[in-house]
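Student: The residues making up each chain are set out below.
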Amino acid sequence: MQAWHEIVVEALKANDIRLIPYVPDNVLKPLIAAIHADPFFTAFTTAREEEAVGIVAGGVMAGMRGMVLMQTSGFATLPNVLASLPCAFHIPVLMMISERGTLGEFNLGQAAVWRTMRPALESLAMEYQVITRLDECGFQVDRTIRQALMTQQPTAMILSPLLTGGKASPVKAGG
Amino acid sequence: MSVTTAHNAKKMYRFDLVKRLVARLKNDEAVIGGIGHSNFDLFTAGHRPQNFYMLGSMGLAIPIALGVAIAQPRRKVFALEGDGSLLMQLGCLSTVAAQAPKNLIILVMDNGTYQITGGQPTPAAVGTDYVAVARGCGLTSAAWAADEEDFERLVQRCLETDGPHLIGLKLDAQGPAGQTERDPVQIRDRFMRGMGVKQSKLPG
Ligand SMILES: Cc1ncc(C[n+]2csc(CCOP(=O)(O)OP(=O)(O)O)c2C)c(N)n1
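Just so you know, the protein sequences line up as chains A and B, in that order.
Sequential numbering of the first sequence, starting at 1, is according to my numbering.
Sequential numbering of the second sequence, starting at 1, is according to my numbering.
These aren't lab readings, by the way, just hints derived from the structure by calculation.
In this text, a Cβ means the ideal position worked out from N, Cα and C, and glycines have one as well.
Possibly wrong hints are sitting among the right ones.
[Stated by the list, open to error] From the structure, some residues in chain B lie toward chain A, with a derived Cβ separation under 10 angstroms:
id	residue
1	Ala-30
2	Ile-35
3	Ser-57
4	Met-58
5	Ile-62
6	Pro-63
7	Leu-66
8	Ala-98
Sequences and hints are given; from them, build the entire structure.
Tutor: Below, the structure is given as structure tokens:
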């Protein structure tokens, strides 16, 4: 059985998604490591998620498809640039978001910002998929990427803790 | 490189500088015009299919140009970014320095103000030296243009040598010479044709 990050890498390669700027997240570690280990990809950190959206927008318009990696809190910094760049210009900027703030979150800040993510995506009228199951992961990632490219629209793929295991609390409740 | 400092650089007219830049572009170089009056003057200097005009996403002219530069390493790519916009996304200079794209050239259009919103001074106007900031971020080829001739010389050097390069331009308070047509989907479509990425039977 393949791990979720191996499935994602396969779908990225199948769709020629090469440019991967990101702000890191703990849950994304195996995906980030796999992408860096593979010369197919051009992957690097940026100072802000907004910057990474700009880089992928530029790359895609010049013929190199890309995807931004981030966590929930990173997404919360993005609505303005999403609205005025990929949404307004119809640029297929792909995003993969590691979902923090739900299903056993230990940090109230993460839990609070989590509540803004779906309303923001919905009010931007952005297509998004929540990936929860290993057996559906490949299909969802592949089809979501293809639809974004064919319809020239940005899209978000949310990696649920149901898929990744998330980041569990280091201490017991009340402990 | 030039030893011009932020204090003795001549304050120049943005539209004149943009025209001088465009006149030197002979190899379908890409130019990304940032929010504010940078993209207005780029558009007014005469549309080229290799121009992209930002309408929002303040601070992203340099990141967009970096993406284009990575995707097409044989094409020179210019970012025209206002000082207020750069200030909002200063971290991108470190990203550029880390990726070190040889074909990227950044022009900082420094009028000390947010001109398009009424000319309010930026917090950096009092003493921030953007060329020094860029050097501090690791962009060693960064210089203020002393005057128009120096600017032309620096642009030619950027076209002929490996970058990344950054040119600081001190501007006078004159407004833009025109206004960009605000049709983002058309702008994107034409830019992709200009980059040779999109073929279409629909006339461009
Ligand atoms: C995130 C964000 N904040 C504020 C604005 C409003 N705004 C639009 S352009 C601009 C000023 C841009 O200044 P600068 O980049 O120096 O360009 P100039 O207007 O001087 O040409 C501001 C504050 C905005 N569009 N987006």
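Student: Check each numbered hint from earlier against the structure, then list the numbers of those it violates in ascending order.
Tutor: none
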